[in-house]
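Q: Build the full structure now, drawing on both the sequences and the hints.
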Amino acid sequence: MTSGAIPRAHRRSAGGVCALACVLAAVSGGLVLPAAARAQLAIQDFVVTAGASGEGYQGNLPSVGVPVQDSTEFASAAIGEVAVRSDLTYAIPEHGRIALAFDGGLRQFSARGFELRDYSPREWAGTLDLSYARPLGAGAGVTVRTRLRGRQIDDRPPMPLYLQPGYRSATAALRFDVEGPRQVFYDLEAFGERSEFLAPDFAPQIRLLDRNAHGIEAGATLTGGSANLRIYGGLERSRYPRQETFDPDDPVREDMTFLGGASWTYQADYIVQIELDGRANRSNSDRPEYDALTFRAVLSASLPRQVALNVYGALTAKQYLHSTEFARLLPGEEANSASQAYVSLTRSVARNLDATIRGGWTRAETEIGGAYFQRFGASFYLHYRPGF
Amino acid sequence: MFALPTPRPSSDPLLAAGGPVRSVQAWRQARRRGREGLMLMVVLAAGLLFAVTAEGQVLGGEAEVAYHEAEAEYEALRADLDRSFNQFERALEAVDRARDADGTGREAAFAAFQTVAVRHMALELETRRALERVSASRAGYLQALQDREDELLNALAREDLPPARQAVLEGEWQRVRREMLRLEPASDLDETLALRPVPELRVEPTDGPVELREKASFMQDHALSYDSIIGDLDREIQTLEDRERRLRGLQDLQRDLGRFGQDLLPGARTGSPSVPDPSRTGDGADPESGGDGAAQALAALPLADQIQLLRGTRELAVQYREEALAMANVFRERAEQFRP
Numbered sequence: 001m002t003s004g005a006i007p008r009a010h011r012r013s014a015g016g017v018c019a020l021a022c023v024l025a026a027v028s029g030g031l032v033l034p035a036a037a038r039a040q041l042a043i044q045d046f047v048v049t050a051g052a053s054g055e056g057y058q059g060n061l062p063s064v065g066v067p068v069q070d071s072t073e074f075a076s077a078a079i080g081e082v083a084v085r086s087d088l089t090y091a092i093p094e095h096g097r098i099a100l101a102f103d104g105g106l107r108q109f110s111a112r113g114f115e116l117r118d119y120s121p122r123e124w125a126g127t128l129d130l131s132y133a134r135p136l137g138a139g140a141g142v143t144v145r146t147r148l149r150g151r152q153i154d155d156r157p158p159m160p161l162y163l164q165p166g167y168r169s170a171t172a173a174l175r176f177d178v179e180g181p182r183q184v185f186y187d188l189e190a191f192g193e194r195s196e197f198l199a200p201d202f203a204p205q206i207r208l209l210d211r212n213a214h215g216i217e218a219g220a221t222l223t224g225g226s227a228n229l230r231i232y233g234g235l236e237r238s239r240y241p242r243q244e245t246f247d248p249d250d251p252v253r254e255d256m257t258f259l260g261g262a263s264w265t266y267q268a269d270y271i272v273q274i275e276l277d278g279r280a281n282r283s284n285s286d287r288p289e290y291d292a293l294t295f296r297a298v299l300s301a302s303l304p305r306q307v308a309l310n311v312y313g314a315l316t317a318k319q320y321l322h323s324t325e326f327a328r329l330l331p332g333e334e335a336n337s338a339s340q341a342y343v344s345l346t347r348s349v350a351r352n353l354d355a356t357i358r359g360g361w362t363r364a365e366t367e368i369g370g371a372y373f374q375r376f377g378a379s380f381y382l383h384y385r386p387g388f
Numbered sequence: 001m002f003a004l005p006t007p008r009p010s011s012d013p014l015l016a017a018g019g020p021v022r023s024v025q026a027w028r029q030a031r032r033r034g035r036e037g038l039m040l041m042v043v044l045a046a047g048l049l050f051a052v053t054a055e056g057q058v059l060g061g062e063a064e065v066a067y068h069e070a071e072a073e074y075e076a077l078r079a080d081l082d083r084s085f086n087q088f089e090r091a092l093e094a095v096d097r098a099r100d101a102d103g104t105g106r107e108a109a110f111a112a113f114q115t116v117a118v119r120h121m122a123l124e125l126e127t128r129r130a131l132e133r134v135s136a137s138r139a140g141y142l143q144a145l146q147d148r149e150d151e152l153l154n155a156l157a158r159e160d161l162p163p164a165r166q167a168v169l170e171g172e173w174q175r176v177r178r179e180m181l182r183l184e185p186a187s188d189l190d191e192t193l194a195l196r197p198v199p200e201l202r203v204e205p206t207d208g209p210v211e212l213r214e215k216a217s218f219m220q221d222h223a224l225s226y227d228s229i230i231g232d233l234d235r236e237i238q239t240l241e242d243r244e245r246r247l248r249g250l251q252d253l254q255r256d257l258g259r260f261g262q263d264l265l266p267g268a269r270t271g272s273p274s275v276p277d278p279s280r281t282g283d284g285a286d287p288e289s290g291g292d293g294a295a296q297a298l299a300a301l302p303l304a305d306q307i308q309l310l311r312g313t314r315e316l317a318v319q320y321r322e323e324a325l326a327m328a329n330v331f332r333e334r335a336e337q338f339r340p
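Chains as they are written, first to last, in the working numbering: chain W, 1 to 388; chain Y, 1 to 340.
If you are wondering where the hints come from, they were derived from the structure by calculation, not from laboratory data. We treat Cβ as the ideally placed atom computed from N, Cα and C, and that holds for glycine. Some hints here could point you the wrong way.
[As the list claims (entries may be wrong)] Here are the in silico distance ranges between beta carbons for each label pair:
hint, chain 1, residue 1, chain 2, residue 2, range
1, Y, GLN143, W, ARG239, 55 to 61 Å
2, Y, ASP305, W, ASN212, 42 to 48 Å
3, W, ALA378, Y, ASP221, 51 to 57 Å
4, W, ARG305, Y, PRO209, 47 to 53 Å
A: Right, here's the structure in full:
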């Protein structure tokens, strides 16, 4: 697979978000921003990341976005990564604040172990978040936020080295927060999202993953001392405009996802977070109907010799309601249905420079539901914060 | 729309995106119910918001009202006192002018002056009492503001605070701080970080060896007190740096996972949790540290700023310690110059 096969307009779109992220990086670095404007902005964080990883992949499964098949069951890759991210805020006294966050990066793989040939996939990814939060009076506030994401991948390899296809997506959301009696905070968010996947000429089926979604989520956070408990529930409606149901009265696949859960967080000399997240997906097509339950946990603690330990784990149990021999095609399910474990050790090695060793394991679905692959590896990262 | 082939058991499953259809009627009913539920939630939320935002914004409650009433009363009395003072001056001038007048005119002027003077003295007393009431009600108001600030800072220190909620709390916190600074210009933070400078002791001509040794000993003890402060600051800086490292590590983990779509994809909720942001105002606050207003004011700053402030204070403490030690040496050397 070569990058030349991806339509030019899509490549411009995905690259555009990355380019915008780079421009914003320069702006927040004070390279082009006038002094007066710079004085009104607060750079909350600016981080340059460089990393190297070794990963292994197991599970030769079918994937809708990978038309090339290879017979190997196991592949490995050496990966280099660079990224820039920043959070900027512009405070408007008594009228809230505007926040702009960007995150852009490049990841270069050197993959081995395939029967056909060696692959060198390259990923570009960028995210741009813009939000405006405004108080609505005592104890209430509203936030409007938008998110643009873009991703491009060249030389996409066959399984088992599963890499998400390129896409572009736009999200808009409106959120209300209200403080209730007895230190209980209520939130309500409505959102809409449009995602389009970038399909090379020889793999047009990737566009089957295109999706339009909107939904609503409500939550209540009970606070007290060092801990809080958030209980939430919501529903999402997704429409896949390129997937047919073969029913003339209702020709396009539409899903309704009901979700709910609770998250408990304790923060003092260490941080513990435990979350139980359940979701039930119902559709006008039998294939993607499932129930899933995910248990997530986070631990953050300090170790001797100025080392910080961060652990993140997620275990998901998922059951499809109907057996089928057809592809289920569930974009986004890698995240929703993954079981993951990451252990990270971070230590300052110089002024403004943190070094991180990270080990990780993931068991996830490709975009075809019910097909799981495994990814495991170790990484070394340097995070540089110039401290503007 | 992408045309899919008719599903066949033997066809390529990758392209067979179609499948058996559920009851369309049931699906449509569920969808209609979903829409009705959505509308109900939006209406409820709007009502809740209206109810909350309709409340007035009084920062210090009854204490604020009492303070403003006392202040208004005092200002009115001050204006009366100014007018009374003008009358007093005019009456005094009239008495001066009447000194050369006949007895009746002089007595009349003096009587008028006496009336004005007594009234002015009474007004002065009343104004002084009003000022005392202002002072007392200001203390109550400040205490109410302090209590509210504590609540806000504790709330701001909470994990996973939504941006809108944070903006609301920060806005109110800024208003409270401004009001506190207006009432009491010296901020708690300044007091927290203020170090007592090295006392000014000199070699006086009358100093003998005993006095000089006492001064040297005093300076030596003073230098040791800075050592204690430096030790406390080192521990506090270490604690904050540990917390900052943990939070940054957690944030780096979350952002690194999400960047290339390993964790956050279109249509997916983020798998990894929201983590507290060390750069955010108030996130450095230790929810368990009750502390006084000064500690809370410090804790309200972003962690990096807290660390920078404490490092600056530490440098100052080291400088004071060196000065105290140098002075102790001077006194000691001078004492040794005395020969028995």
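Q: Evaluate each hint against the coordinates.
A: Status of each hint after checking the structure:
1. At about 57 Å, the CB distance of Y/GLN143 to W/ARG239 agrees with the hint of 55 to 61 Å.
2. Separation of Y/ASP305 from W/ASN212 is about 43 Å and conforms to the stated range, judged on CB atoms against 42 to 48 Å.
3. The supplied range of 51 to 57 Å is met by W/ALA378 and Y/ASP221, whose beta-carbon atoms lie about 55 Å from each other.
4. Distance hint check: the CB atoms of W/ARG305 and Y/PRO209 are about 50 Å apart, consistent with the given range 47 to 53 Å.
Hint compliance for this structure: no hint is broken.
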